[in-house]
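Protein chains: 2
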Amino acid sequence: MSLLLIAKDRDMNPWKEALLAVDKNLDVEVWPRVEQKDRVTFAVSWNHPKEVLGAYPNLKVVSSLGAGADHLLKDEAIPESVKLARVMIPSLKSQMGEYVLNAIQNYRFHTSRYVDQKREAYWSKHDAVPKSDCAVGILGMGEMGEAVADLLLNNGFLVNGWSVTKKGIEGVNSFGAKELDDFLAQSNILVCLLPLTKETNGILELDLFKKIKQPSYLINVARGGHLVEEDLIYALDTGVLSGACLDVFEEEPLPENHLFWNRPKIMITPHVASITDPNEAAAQIVENYKRSLSGMELLNEVDRGKGY
Amino acid sequence: MSLLLIAKDRDMNPWKEALLAVDKNLDVEVWPRVEQKDRVTFAVSWNHPKEVLGAYPNLKVVSSLGAGADHLLKDEAIPESVKLARVMIPSLKSQMGEYVLNAIQNYRFHTSRYVDQKREAYWSKHDAVPKSDCAVGILGMGEMGEAVADLLLNNGFLVNGWSVTKKGIEGVNSFGAKELDDFLAQSNILVCLLPLTKETNGILELDLFKKIKQPSYLINVARGGHLVEEDLIYALDTGVLSGACLDVFEEEPLPENHLFWNRPKIMITPHVASITDPNEAAAQIVENYKRSLSGMELLNEVDRGKGY
Chain A
29 MSLLLIAKDR DMNPWKEALL AVDKNLDVEV WPRVEQKDRV TFAVSWNHPK
79 EVLGAYPNLK VVSSLGAGAD HLLKDEAIPE SVKLARVMIP SLKSQMGEYV
129 LNAIQNYRFH TSRYVDQKRE AYWSKHDAVP KSDCAVGILG MGEMGEAVAD
179 LLLNNGFLVN GWSVTKKGIE GVNSFGAKEL DDFLAQSNIL VCLLPLTKET
229 NGILELDLFK KIKQPSYLIN VARGGHLVEE DLIYALDTGV LSGACLDVFE
279 EEPLPENHLF WNRPKIMITP HVASITDPNE AAAQIVENYK RSLSGMELLN
329 EVDRGKGY
Chain B
29 MSLLLIAKDR DMNPWKEALL AVDKNLDVEV WPRVEQKDRV TFAVSWNHPK
79 EVLGAYPNLK VVSSLGAGAD HLLKDEAIPE SVKLARVMIP SLKSQMGEYV
129 LNAIQNYRFH TSRYVDQKRE AYWSKHDAVP KSDCAVGILG MGEMGEAVAD
179 LLLNNGFLVN GWSVTKKGIE GVNSFGAKEL DDFLAQSNIL VCLLPLTKET
229 NGILELDLFK KIKQPSYLIN VARGGHLVEE DLIYALDTGV LSGACLDVFE
279 EEPLPENHLF WNRPKIMITP HVASITDPNE AAAQIVENYK RSLSGMELLN
329 EVDRGKGY
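Quick mapping for you: the protein sequence lines, in order, are chains A and B.
For the first sequence, the working numbering gives the first residue as 29, with consecutive numbering after it.
For the second sequence, the working numbering gives the first residue as 29, with consecutive numbering after it.
Keep in mind that the hints were calculated from the coordinates and are not lab data.
Hints are supplied without guarantee of correctness; some may be wrong.
[Unchecked claim] Covered stretches of chain B (in silico footprint by chain A; criterion: 3 or more residues with CB under 8 Å from a CB of chain A, positions within the stretch not fixed):
#: 1; region: 119-132
#: 2; region: 271-285
#: 3; region: 292-302
[Claimed, not checked] With a straight-line Cα cutoff of 25 Å, these simulated SDA-like cross-link-like pairs (lysine to any residue) come out:
#: 4; chain 1: B; residue 1: Lys293; chain 2: A; residue 2: Tyr150
#: 5; chain 1: A; residue 1: Lys153; chain 2: B; residue 2: Ala35
#: 6; chain 1: A; residue 1: Lys153; chain 2: B; residue 2: Asn290
#: 7; chain 1: A; residue 1: Lys159; chain 2: B; residue 2: Glu308
#: 8; chain 1: A; residue 1: Lys153; chain 2: B; residue 2: Gly94
#: 9; chain 1: A; residue 1: Lys153; chain 2: B; residue 2: His286
#: 10; chain 1: B; residue 1: Lys36; chain 2: A; residue 2: Trp151
#: 11; chain 1: A; residue 1: Lys36; chain 2: B; residue 2: Ser152
#: 12; chain 1: A; residue 1: Lys88; chain 2: A; residue 2: Leu326
#: 13; chain 1: A; residue 1: Lys153; chain 2: B; residue 2: Asn285
#: 14; chain 1: B; residue 1: Lys159; chain 2: A; residue 2: Gln123
#: 15; chain 1: A; residue 1: Lys44; chain 2: B; residue 2: Pro158
#: 16; chain 1: A; residue 1: Lys153; chain 2: B; residue 2: Asp39
#: 17; chain 1: B; residue 1: Lys153; chain 2: A; residue 2: Pro298
#: 18; chain 1: A; residue 1: Lys159; chain 2: B; residue 2: Asn183
#: 19; chain 1: A; residue 1: Lys293; chain 2: B; residue 2: Ala149
#: 20; chain 1: A; residue 1: Lys102; chain 2: A; residue 2: Glu171
#: 21; chain 1: A; residue 1: Lys153; chain 2: B; residue 2: Pro42
#: 22; chain 1: A; residue 1: Lys159; chain 2: A; residue 2: Leu208
#: 23; chain 1: B; residue 1: Lys293; chain 2: A; residue 2: His299
#: 24; chain 1: A; residue 1: Lys153; chain 2: B; residue 2: His138
#: 25; chain 1: B; residue 1: Lys293; chain 2: A; residue 2: His154
#: 26; chain 1: B; residue 1: Lys159; chain 2: B; residue 2: Asn182
#: 27; chain 1: B; residue 1: Lys111; chain 2: B; residue 2: Thr193
#: 28; chain 1: A; residue 1: Lys293; chain 2: B; residue 2: Val300
#: 29; chain 1: A; residue 1: Lys36; chain 2: B; residue 2: Asp155
#: 30; chain 1: A; residue 1: Lys153; chain 2: B; residue 2: Gln145
#: 31; chain 1: B; residue 1: Lys293; chain 2: B; residue 2: Val157
#: 32; chain 1: A; residue 1: Lys293; chain 2: A; residue 2: Val256
#: 33; chain 1: A; residue 1: Lys153; chain 2: B; residue 2: Val300
#: 34; chain 1: B; residue 1: Lys293; chain 2: A; residue 2: Gln123
#: 35; chain 1: B; residue 1: Lys159; chain 2: A; residue 2: Glu308
#: 36; chain 1: A; residue 1: Lys226; chain 2: A; residue 2: Arg332
#: 37; chain 1: A; residue 1: Lys293; chain 2: B; residue 2: Trp151
#: 38; chain 1: B; residue 1: Lys153; chain 2: A; residue 2: Pro281
#: 39; chain 1: A; residue 1: Lys153; chain 2: B; residue 2: Pro60
#: 40; chain 1: A; residue 1: Lys293; chain 2: B; residue 2: His138
Just so you know, even glycine gets a beta-carbon here, dropped at the ideal spot from N, CA and C.
So that you can see chain A by itself, here it is in the shape it has in the complex (with noise of 0.2 Å):
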């Protein structure tokens, strides 16, 4: 039996090393060099070429390396009887916090402006955004919303959390599935960290956007599938948003050409809010491929029927 390491655009040899250095004996194939392709039981990908795990006939369990398993779920090479799951360590949820408050604050300080100004040589002033109109809207509340809400309550931020079943979590305003528009209502700054779903796929767009309390920002650190792109554009440009911060686009890298590189109410990252680390997720990759040899339950196991 063999582990499998498979990404399309990242070198998955720390990975190797990272699970070897939980278990020597671990027999670990990376792609595409692999050289016995009846032994992988268990693949472990990062938006894996699509179709390209059809050609493992004995693979049981097929991973994701980070929190998001969208990837997997639209791969339908992927047979049915394949169990998916994802990982979730620490340092994943604590990472997006710190991005997600960053990105709050720069928004209040006005960071890419003063930047900008500095290139230009050019002092002057900018009023912050008080705390008071930046009443924080987590769109998932999931263990990465809750982990976000923490660290904002903890920073003095009034945080509302909308979920599709309710959750009940201290000091955070829980709102269910049927209450977005109030949700909406009482946030300024919407953060999205929903996962991509049938359900959720193009969320944000412009008539939700008219619903956000004004001033109203918007953060995506989810997938680029949840953002109507144009919609985002025409808000900007008519003031039903103040600004944007960007992490995750429909297509990445965002092309050259891509409207948004010259738009200078969108802050833009290239996809860095929550990086999996090797070294941490080693474990929970190792103790998920031991469980799947001795057919125990998953850890992080991903629902199909949900979509995470």
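Using the hints provided, position chain B relative to the given structure of chain A.
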């Protein structure tokens, strides 16, 4: 008796309104249109023109409009018999904490680099500076320093604090006057929050930079006079410092032709880290004015000997 508001480059009318909102019977004059100079006993100043205050024969107190009193101490036209005070309100401390935390996170997460990349439609990821390489050293553990330390501790940073009088603040590794080298050797990110005095003028110079733990970063939110500007340029060019975030400068506004503007490793903000809110400060100023009229001890009086 009257109270004078005086500033060179700031509209003081919101201050007059804020003071009158606290006590509508106050007699408030706004420089330069002062009707009765001999009735002025209390002045509230921010960077007043030198020697102007010599024209007020019955002046008893000059209060800084903010937390810094160096602009008062350096004006020899203010007689020794005039008491000096400053404003210290909670929001000055919380703003400073937020500014410093944001500056640190922008260093760790390469924010200004991503803003620059956006202009060039360039997608490239940079590893975050790990928190373990971000031990923070705060120079000056007064009220501001303590508030900044609290927020950083609360956000998971290791915090060292240096002050002439060694402080015992929970969670902070405290260093005294003679332990500066030890303090620097254990701190990656140096935050200057010192008062500007004869002793601290020019303290941020090359020999000190060389003693900071690598990788090192400088944040100056105190006064431009603390920094030897040419030493910063040299330290950045030679890799002694990996970057700096500056909110204060020897000359403000920073002159258009200043070298700092063109240095990519320097983040510049136009003296906005901590701004006194008239509506929050007014009650403290009125209280001090009334204390001076009745001969009581002042709040936040400045010790001319110590310089703060």
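Verification of the hints:
For the region 119-132 of chain B, the stated coverage by chain A holds: 6 residues have a C-beta nearer than 8 Å to a C-beta of that chain, and at least 3 were required. Chain A is given as covering the region 271-285 of chain B, and this holds because 5 residues of the stretch bring a CB closer than 8 Å to a CB of that chain, at least three being needed. Counting residues of the region 292-302 of chain B whose CB lies closer than 8 Å to any CB of chain A gives 7, which reaches the minimum of 3, so the coverage claim holds. Pair hint Lys293 of chain B plus Tyr150 of chain A holds up; C-alpha atoms about 17 Å apart against a cutoff of 25 Å.
Restraint check for Lys153 of chain A and Ala35 of chain B: the C-alpha separation of about 17 Å stays at or below 25 Å, so the hint holds. Between Lys153 of chain A and Asn290 of chain B, the direct Cα distance comes to roughly 19 Å. Compliance with the 25 Å bound is thereby established for this hinted pair. Distance restraint check for Lys159 of chain A and Glu308 of chain B: the Cα-Cα separation of roughly 15 Å lies within the 25 Å cut-off, and the hinted pair is therefore satisfied. Distance hint between Lys153 of chain A and Gly94 of chain B is fulfilled; the C-alpha atoms sit about 17 Å from each other, no more than 25 Å.
In summary, the hint linking Lys153 of chain A to His286 of chain B is supported, as the alpha carbons are separated by about 18 Å, within the 25 Å threshold. For the hint pairing Lys36 of chain B with Trp151 of chain A, the CA-to-CA distance comes to about 17 Å; that is within 25 Å, so the pair holds. Distance restraint check for Lys36 of chain A and Ser152 of chain B: the Cα-Cα separation of roughly 16 Å lies within the 25 Å cut-off, and the hinted pair is therefore satisfied. Using a Cα cut-off of 25 Å, the hinted pair Lys88 of chain A and Leu326 of chain A holds, with the two alpha carbons roughly 11 Å apart.
Note on Lys153 of chain A and Asn285 of chain B: the hinted pairing holds, with a Cα-Cα distance of about 19 Å set against a maximum of 25 Å. Between Lys159 of chain B and Gln123 of chain A the CA atoms are separated by roughly 11 Å; this keeps the pair inside 25 Å, and the hint holds. The straight-line distance between the Cα atoms of Lys44 of chain A and Pro158 of chain B is roughly 22 Å, inside the 25 Å bound, and the hint therefore holds. A threshold of 25 Å between alpha carbons decides the hint, and for Lys153 of chain A with Asp39 of chain B the separation of about 14 Å falls inside it, so the pair holds.
At roughly 6 Å between alpha-carbon atoms, Lys153 of chain B and Pro298 of chain A fall within 25 Å of each other, so this suggested pair holds. Proposed proximity of Lys159 of chain A and Asn183 of chain B is supported: the alpha carbons are some 18 Å apart, at most 25 Å. Using a Cα cut-off of 25 Å, the hinted pair Lys293 of chain A and Ala149 of chain B holds, with the two alpha carbons roughly 15 Å apart. A C-alpha spacing of about 22 Å is found between Lys102 of chain A and Glu171 of chain A, which places the hinted pair at or below 25 Å, so the restraint holds.
Straight-line distance between C-alpha atoms of Lys153 of chain A and Pro42 of chain B comes to about 17 Å, which keeps the hinted pair within the 25 Å bound. At most 25 Å may separate the alpha-carbon atoms for a hinted pair to count; Lys159 of chain A and Leu208 of chain A meet this at roughly 22 Å. Using a Cα cut-off of 25 Å, the hinted pair Lys293 of chain B and His299 of chain A holds, with the two alpha carbons roughly 23 Å apart. Annotation: proposed proximity of Lys153 of chain A to His138 of chain B holds, straight-line Cα distance about 22 Å (limit 25 Å).
Between Lys293 of chain B and His154 of chain A, the direct Cα distance comes to roughly 22 Å. Compliance with the 25 Å bound is thereby established for this hinted pair. Proposed proximity of Lys159 of chain B and Asn182 of chain B is supported: the alpha carbons are some 14 Å apart, at most 25 Å. With a CA separation close to 24 Å, the supplied pair Lys111 of chain B and Thr193 of chain B stays within the 25 Å bound. Straight-line distance between C-alpha atoms of Lys293 of chain A and Val300 of chain B comes to about 21 Å, which keeps the hinted pair within the 25 Å bound.
For the hint linking Lys36 of chain A to Asp155 of chain B, the alpha-carbon distance of about 19 Å falls within 25 Å, and the restraint holds. This hinted pair checks out: Lys153 of chain A and Gln145 of chain B have alpha carbons roughly 24 Å apart, not beyond 25 Å. Annotation: proposed proximity of Lys293 of chain B to Val157 of chain B holds, straight-line Cα distance about 15 Å (limit 25 Å). Distance restraint check for Lys293 of chain A and Val256 of chain A: the Cα-Cα separation of roughly 17 Å lies within the 25 Å cut-off, and the hinted pair is therefore satisfied.
Proximity of Lys153 of chain A to Val300 of chain B is assessed by CA-CA distance (about 7 Å); at most 25 Å being required, the pair is judged to hold. The suggested pairing of Lys293 of chain B with Gln123 of chain A holds, with an alpha-carbon distance near 24 Å, which does not exceed 25 Å. A threshold of 25 Å between alpha carbons decides the hint, and for Lys159 of chain B with Glu308 of chain A the separation of about 15 Å falls inside it, so the pair holds. The suggested pairing of Lys226 of chain A with Arg332 of chain A holds, with an alpha-carbon distance near 12 Å, which does not exceed 25 Å.
Our distance criterion of 25 Å between C-alpha atoms is met by Lys293 of chain A and Trp151 of chain B, whose separation comes to about 18 Å. Distance restraint check for Lys153 of chain B and Pro281 of chain A: the Cα-Cα separation of roughly 10 Å lies within the 25 Å cut-off, and the hinted pair is therefore satisfied. A distance of roughly 24 Å separates the Cα atoms of Lys153 of chain A and Pro60 of chain B; the hinted pair therefore holds under the 25 Å criterion. Taking the CA atoms of Lys293 of chain A and His138 of chain B, the gap is near 18 Å; set against the 25 Å cutoff, the hint holds.
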